[in-house]
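Asks: Chains A and B, in that order, are what the protein sequence lines are. Plus 20 on top of the position in the first sequence (first one is 1) and you've got my numbering. Plus 317 on top of the position in the second sequence (first one is 1) and you've got my numbering.
No lab work stands behind these hints, which were simulated from the structure alone. Predicted model, so just to flag it, every value in this text is computed and none were measured. Please note: incorrect hints may appear among the correct ones.
[To be verified] Calculated cross-link-like contacts (lysine-lysine; reagent style BS3-like; alpha-carbon spacing at most 30 Å):
id, chain 1, residue 1, chain 2, residue 2
1, A, K72, B, K420
2, B, K383, B, K372
3, B, K358, B, K331
4, A, K129, B, K337
5, A, K117, A, K89
6, A, K72, B, K372
7, A, K23, A, K89
8, B, K358, A, K89
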Amino acid sequence: DAKTTQPPSMDCAEGRAANLPCNHSTISGNEYVYWYRQIHSQGPQYIIHGLKNNETNEMASLIITEDRKSSTLILPHATLRDTAVYYCIVNTAAGNKLTFGGGTRVLVKP
Amino acid sequence: GAVVSQHPSWVICKSGTSVKIECRSLDFQATTMFWYRQFPKQSLMLMATSNEGSKATYEQGVEKDKFLINHASLTLSTLTVTSAHPEDSSFYICSASAGGSGKDTQYFGPGTRLTVL
Numbered sequence: 021d022a023k024t025t026q027p028p029s030m031d032c033a034e035g036r037a038a039n040l041p042c043n044h045s046t047i048s049g050n051e052y053v054y055w056y057r058q059i060h061s062q063g064p065q066y067i068i069h070g071l072k073n074n075e076t077n078e079m080a081s082l083i084i085t086e087d088r089k090s091s092t093l094i095l096p097h098a099t100l101r102d103t104a105v106y107y108c109i110v111n112t113a114a115g116n117k118l119t120f121g122g123g124t125r126v127l128v129k130p
Numbered sequence: 318g319a320v321v322s323q324h325p326s327w328v329i330c331k332s333g334t335s336v337k338i339e340c341r342s343l344d345f346q347a348t349t350m351f352w353y354r355q356f357p358k359q360s361l362m363l364m365a366t367s368n369e370g371s372k373a374t375y376e377q378g379v380e381k382d383k384f385l386i387n388h389a390s391l392t393l394s395t396l397t398v399t400s401a402h403p404e405d406s407s408f409y410i411c412s413a414s415a416g417g418s419g420k421d422t423q424y425f426g427p428g429t430r431l432t433v434l
């Protein structure tokens, strides 16, 4: 499975957009990019996923570069409740195994 | 939609006893369920993958005789920690997926915190 690289932490201002980068330079053509977040002492929450095209849902937007070697998760208007560890994961098309890395610890500040 | 529950949410047991944790998909049929473990300040580690009606596939280093997994229906999987010891204390999290490929999203349960005295 392709590995991902994320910054270990970042601070965001409440009400502003939060842009979370992820590098996955060894991604294969049939591998999906998934984003989850984990709030302290809870199970991970699914946010969004994509293959090639940019995706948007009620929680966030996912921007994938044309070469698919990196992506950015955008939280359009960060709130204090968005404080969590965000995981960018590349999921193999066969077997559906998620390998969690260290993620990015996001702190939304008032 | 896509709700996964776990029971119990926390459990304390004595060393040497066995503990069963249930994972249920409430609003979809889960062909595949996964069990993860998370130690404090660490990331989730996949323990095993189970497909309904089949034996579970364990990750390297996970003892299959210690962590018994049953996936008898499309909505229920159980993890039994046998002869639990203090080092088994951890946060156990399940996930469920409607299919077994990368395009099938895994939805996670809220987790079960196990403390072995």
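Asks: Each hint: holds or not?
Replies: Consistency of the hints with the structure:
1. Annotation: proposed proximity of K72/A to K420/B holds, straight-line Cα distance about 12 Å (limit 30 Å).
2. The hinted pair formed by K383/B and K372/B meets the criterion: a straight-line CA distance of about 15 Å does not exceed 30 Å.
3. In summary, the hint linking K358/B to K331/B is supported, as the alpha carbons are separated by about 24 Å, within the 30 Å threshold.
4. A distance of roughly 40 Å separates the Cα atoms of K129/A and K337/B; the hinted pair therefore is violated under the 30 Å criterion.
5. Between K117/A and K89/A the CA atoms are separated by roughly 20 Å; this keeps the pair inside 30 Å, and the hint holds.
6. For the hint linking K72/A to K372/B, the alpha-carbon distance of about 34 Å lies beyond 30 Å, and the restraint is violated.
7. Proposed proximity of K23/A and K89/A is supported: the alpha carbons are some 11 Å apart, at most 30 Å.
8. Pair hint K358/B plus K89/A holds up; C-alpha atoms about 28 Å apart against a cutoff of 30 Å.
Going down the numbered hints, you'll see the structure goes against 4, 6, while the others check out.
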